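> Okay, here's what each chain looks like letter by letter:
Protein chains: 2
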Amino acid sequence: MNSPPKQSGPSIRAIPDGDTRERLICGDCGFIQYDNPKIVVGAVVLWGDRILMCKRAIEPAYGRWTIPAGYMELGETPEEGAAREAFEEACAKIEIGALIGVYSVPRIGQVQMIYRATLIDGEFAAGAESLETMLCAWDEIPWDEIAFPTVRLALDDWRRTKDQAAIVPNLKRF
Amino acid sequence: MNSPPKQSGPSIRAIPDGDTRERLICGDCGFIQYDNPKIVVGAVVLWGDRILMCKRAIEPAYGRWTIPAGYMELGETPEEGAAREAFEEACAKIEIGALIGVYSVPRIGQVQMIYRATLIDGEFAAGAESLETMLCAWDEIPWDEIAFPTVRLALDDWRRTKDQAAIVPNLKRF
Numbered sequence: 387m388n389s390p391p392k393q394s395g396p397s398i399r400a401i402p403d404g405d406t407r408e409r410l411i412c413g414d415c416g417f418i419q420y421d422n423p424k425i426v427v428g429a430v431v432l433w434g435d436r437i438l439m440c441k442r443a444i445e446p447a448y449g450r451w452t453i454p455a456g457y458m459e460l461g462e463t464p465e466e467g468a469a470r471e472a473f474e475e476a477c478a479k480i481e482i483g484a485l486i487g488v489y490s491v492p493r494i495g496q497v498q499m500i501y502r503a504t505l506i507d508g509e510f511a512a513g514a515e516s517l518e519t520m521l522c523a524w525d526e527i528p529w530d531e532i533a534f535p536t537v538r539l540a541l542d543d544w545r546r547t548k549d550q551a552a553i554v555p556n557l558k559r560f
Numbered sequence: 387m388n389s390p391p392k393q394s395g396p397s398i399r400a401i402p403d404g405d406t407r408e409r410l411i412c413g414d415c416g417f418i419q420y421d422n423p424k425i426v427v428g429a430v431v432l433w434g435d436r437i438l439m440c441k442r443a444i445e446p447a448y449g450r451w452t453i454p455a456g457y458m459e460l461g462e463t464p465e466e467g468a469a470r471e472a473f474e475e476a477c478a479k480i481e482i483g484a485l486i487g488v489y490s491v492p493r494i495g496q497v498q499m500i501y502r503a504t505l506i507d508g509e510f511a512a513g514a515e516s517l518e519t520m521l522c523a524w525d526e527i528p529w530d531e532i533a534f535p536t537v538r539l540a541l542d543d544w545r546r547t548k549d550q551a552a553i554v555p556n557l558k559r560f
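Those protein sequence lines, which keep their order, are chains Y and A. Take 387 as the starting number for the first sequence in our numbering and just add one per residue. Take 387 as the starting number for the second sequence in our numbering and just add one per residue.
Keep in mind the hints are simulated off the structure, nothing from the lab. Any given hint could be a false lead.
Chain copies aren't distinguished; within one or between two, either way the pair holds.
[Stated by the list, open to error] Calculated cross-link-like contacts (lysine-lysine; reagent style BS3-like; alpha-carbon spacing at most 25 Å): (1) 424 x 548; (2) 479 x 558; (3) 479 x 441.
Remember, it's a predicted structure, so these values are computed and weren't measured experimentally.
Here chain Y stands alone, though its shape is the one from the complex (with noise of 0.2 Å):
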C-alpha cells in the first residue's frame, strides 16, 4: 500500500553530487531545488506629467501604494512582463521605454529591473491585485503611504532623468 502525498516538498539541505552549494532536496521524491534570485519588473508608467499608481490588495504591504510590477514570467522578456504588469495590476495598456534602474535586494534573492513607460490609450482601473488606482502629480503622490523603499527610487530615477532621451541606469543595491 503506498503512502499518502506528504506535501514535504524540497525540505532538506544538501551538497548534489558535481555541486557547490547546499540546495533543497525532497526526501519523499529526491527532488533537486535550484533557487535562483527572481526578477521583478515594473515601470513609471505616465500619462501627461502625471503617473500610475496602484494601491495593493496583496500582501506584503497591503493597502499601500506602489507603481505596477511583479515577478517576470516564463517565455516573456523583461519589457513584456513589466507591460503584463501594468494590465494586471492596472487594466493599463502601457509602451515601454528606457531602463531606468536595476535594484538589486540580495535579502530577499530579488533583481528588480524598472522602466519608463506611457499609458497608450489613457485608460486604466483596478486590477485584481489593487484596491484602488489613480494618476498622480508628482506632489499628490502618496509618499508617506509608499509600499517599497525600490519604488520611491524608482520614481527618484524617473524624476532625475526624465528629459532624458536614453538613460543610463542607476544600478543600486538595497
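Since chain Y is already given, all that's left is putting chain A on it; use the hints.
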C-alpha cells in the same frame, strides 16, 4: 510499509488554487514548482586593451570560447555574481564597471546582464569549467569558435561603448 522515493519531482502540469498559470506539481509530495526566468551574469574583462576569453570545458558549447558568465546565485548582486563567475571560470579577480547590455532570451528563460570589467592584478588561469583561458587583442578573438550569439553581441557592445564613461545598456531580445 512506505513506498520507496519515486524520484519523479514536479512533473504534473496544473494550475494551482489562486494562480493563473500552469505550474509543475510533484505527484508524490504535492510540491509546486514556480519556475521563473534565470539571470545570467557576465563580464567583458580587460587587461590593457586585451580581453579575457575562456574555452568551455562543459556543455553546452564544449570547446568553444566565451566571456566569463554564469547563473546568478541567491545572496549576491548581479555585479557580485559576475565577479564570482570570473573567479570560478578564469581564476580572475576583477573590478566590475558599467552595465553594457541586458539580453533577453525568452525561449530558454534567460535574462543576461553583461558588465564591463578590468582584471585587478593581471592574473588568470583555467578554472574547473574552462579548458583554457587567454587574453586576446580584438583581432585575436576566435570569432569562428564563439560559444553563444550573446557573447558576440557583448563583445560588440563593449567595443562600441569602450570610450564612454557611462553606458546606456543595449536592451536586446534574442
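> Give a verdict on every hint.
Here is what the structure says about each hint:
1. 424 x 548: neither (27 Å within a copy, 30 Å between copies)
2. 479 x 558: Close across copies (22 Å), not inside one copy (28 Å); limit 25 Å.
3. 479 x 441: within (18 Å within a copy, 45 Å between copies)
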